[in-house]
Amino acid sequence: MAKRKGRHQARPDGFISPVLRPLAWSAMLGAAAAAALAAPAYAEPTPNTIPDAGSRPLPAGSLQLPGATTPPSNGTYTPPPSSTNGPLATQIYNAEVEIGLLSEDLLKKREEQAQARTDLAIAHRQLDEARAAVAKAESNAESAAAQAIKEAAELPPGAFGSDLHGLSELSRLQRGQSSTAKSDAAEHEVARAKDAERVAQEAYNTALGKEQTLAGQFSTLESTLKTKEAALTEVKERNSAQLAVIEREREAQEAELGEDFLNADNIAGMAADPRAIRAVNFALGELGKPYVWGAEGPNAYDCSGLMWAAYRTVGYQLPRVSRDQYAGTRSRVVSTSAMLPGDLVFFSSNGTASGIHHVGMYIGDGKMVHAPNSREKVKVSTVWYSRLFAATRIYGAVSAPVTKPPTTPPTTPPTTPPTTPPTTPPTTPPTTPPTTPPTTPPTTPPTTPPTTPPTTPPTTPPNTPEPTPDPPEEPSTEPSASSTGSAAPATSEAEPDSPSSPAGTSAAG
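Per mature numbering (1 follows the signal peptide of the UniProt record, and there is no 0): the sequence shown = residues -43 to -1, 1 to 466.
Since the hints were made in silico from the structure, they are not lab data. What you are looking at is a predicted structure, and each value in this text was computed from that prediction instead of being measured. Incorrect hints may have been included.
[Said to hold, decoys possible] Taking lysine to aspartate or glutamate pairs in the DMTMM-like style, the calculated list, with each CA pair at most 25 Å apart, reads:
| hint | residue 1 | residue 2 |
| --- | --- | --- |
| 1 | 167 | 99 |
| 2 | 167 | 186 |
| 3 | 324 | 204 |
| 4 | 246 | 99 |
| 5 | 336 | 144 |
| 6 | 151 | 206 |
| 7 | 324 | 281 |
| 8 | 324 | 208 |
| 9 | 66 | 204 |
| 10 | 246 | 213 |
| 11 | 324 | 191 |
| 12 | 65 | 76 |
| 13 | 193 | 68 |
| 14 | 246 | 333 |
| 15 | 185 | 62 |
| 16 | 336 | 99 |
| 17 | 65 | 208 |
| 18 | 193 | 206 |
| 19 | 167 | 281 |
| 20 | 185 | 76 |
| 21 | 334 | 208 |
| 22 | 334 | 76 |
| 23 | 66 | 159 |
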């Protein structure tokens, strides 16, 4: 039997116990990782190239260290290019839109409340009339009942003879039936009047409840509007410098956007109706007046109140609220590129008629006159093309007077040039040359050499129409002494030709 090997028999060389094997592997991996991390990392440079220096970051402003004081501001603020779409501008725009919508709702609620008050007054009057009708019917019924009782209490006349007694009884019966019929009719009238009174009372109660409900809604909306306006005013005052720059940038952006519409030729040959022009002139006459919610003039306006008042002056009755103004004129919507002075421009917060919150009047050249909000006055601004919902026209366009401007330029040039050249040149050359050359040459040599200059000036003026008044001054002295015999011919030509006046002078001398 083979001898059993011991448990602790010696192991061959190089053999690691299974128990120690994980520890050995861990030690080897740790050593390899440590060696890799200790080696420096570098990349072999590409031959014949210059390493890229990279792009340096641009400074975004001065570094504000903790505890350092902020440099003093000069009251201006230069926002980034996207400031018109930044958080502050977005906050202001959303607040203005919300206030505009609340203002429109409040105006609408005021109109509904006014109508409810009118309905309540009518219901109250009808109730009073119904009550008066009941009182009158009851009085008539009482009178009819008293008359019936009185007639029923009458005794038969005993003084009548037997032959008339029957007629007396018949007459009494007839009077009794008549009294009963009148009494019944009066009672029916009382019942009818009371039914009418009940209906009138119900109508009055309904009208009263509606008026009270609308009054409560109006009060709530008014309080909300005032709260929103106060909050917006506080934000604007706190950021006035920044908002001034944002407003200028927005105006520039809107003007640039409007160039696409102003360069269009869709309105060639058409002009605004004279009544629309008068409405524009009225609105422009209200510039500088304050914005007051619900005001219709003459000392203050809101946005739709200014439009309402302007067109009322030319006999057109617009609705009072901007949404209703659009609804009343939407059958005459015009293209943005074809707007004319007097067109109404509407602005919506959601691109629908229900979101209309502001209205202005187009005055031409991409501008509008409007009453913006309670913090501004009636003014002229660039049309908010980026927020423009629709433009409508009250009066249709008329043909522009295109004949007058082209008529004046063509008529003036043809008239002046043809008249001046033909008259002066033909008359002057025939008159002066025949008279001057024959007379001057024989006289000049024997008398004085200086007579040569006068010969040249008279020849030059006829060639130039404009300097004709000047030559008579120079030749007037010298030709007068030499040419006396030419007095008669010169006098006959003195009127049409100014250079011949020296001859006239010599004749007088």
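Does the alpha-carbon distance linking residue 185 and residue 76 stay inside the 25 Å limit? 32 Å, violated
For the pair we were handed, residue 246 and residue 213, check the Cα-Cα distance against 25 Å. Cα-Cα ~28 Å, so violated.
Restraint status (C-alpha distance of residue 66 to residue 159 at most 25 Å): 24 Å, holds
Are the Cα atoms of residue 324 and residue 191 separated by 25 Å or less? Violated - the C-alpha atoms of residue 191 and residue 324 are around 29 Å apart, more than 25 Å.
Can you confirm whether the C-alpha distance between residue 167 and residue 281 stays at or below 25 Å? 22 Å, holds
Assess, step by step, whether the Cα of residue 324 is no farther than 25 Å from the Cα of residue 204, and give holds or violated. Holds, at roughly 15 Å.
Please work out if residue 65 and residue 208 have their alpha carbons no farther apart than 25 Å. 31 Å, violated
Pairwise hint evaluation, residue 99 against residue 336, where the allowed Cα distance is 25 Å at most: The hint is violated at about 71 Å.
Tell me if the straight-line CA distance from residue 336 to residue 144 falls inside 25 Å. Not satisfied, since the Cα-Cα distance of roughly 69 Å exceeds 25 Å.
Given the hint that residue 246 pairs with residue 333, does the C-alpha gap stay at or below 25 Å? 9 Å, holds
Can the restraint linking residue 334 and residue 208 be considered satisfied, given a maximum Cα separation of 25 Å? At roughly 17 Å apart (the allowed maximum being 25 Å), residue 208 and residue 334 satisfy the hint.
Keeping to a limit of 25 Å between CA atoms, is the pair of residue 65 and residue 76 held or broken? Given that 25 Å is the threshold and the Cα spacing comes to 16 Å, the pair holds.
Of the numbered hints stated above, those contradicted by the structure are hints 1, 2, 4, 5, 6, 9, 10, 11, 13, 16, 17, 20 and 22, listed in ascending order.
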